[in-house]
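**Student:** Sequence:
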Amino acid sequence: TANVDRREMTYLYRDGDDFIFMDTESFDQILVPRDTVGDAERFLLEN
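The sequence shown maps to residues 5 to 51 in this note's numbering.
Just so you know, these hints were derived from the structure itself, not from any lab. These numbers come from a predicted model, not from an experiment. Every residue, glycine too, gets a C-beta built ideally from N, C-alpha and C. Among the hints, a few may not be true.
[Stated by the list, open to error] Label-pair restraints from in silico Cβ distances: (1) Asp43 - Thr14: 18 to 28 Å; (2) Gly20 - Asp43: 27 to 37 Å; (3) Thr5 - Leu49: 32 to 42 Å.
From just these sequences and the hints, can you work out the full model?
**Tutor:** And the structure:
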């Protein structure tokens with residue numbers, strides 16, 4: 005069994021092969037590798 009948390013995030017910008025997202029509640033920023041983003045990359049707009 006896996007515990008899954010759902011959080012609203014805002015895409016901020018791309019840094020090389022990584023994408024930076026911000027948690028809209030805590031304002032923490034996380035790095036997501038390009039391999040994880042996959043084909044969704046084409047739908048991301050910098051905020």
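**Student:** Taking the earlier hints as the rules, which of them does this structure contradict?
**Tutor:** Of the numbered hints, just 2 does not hold.
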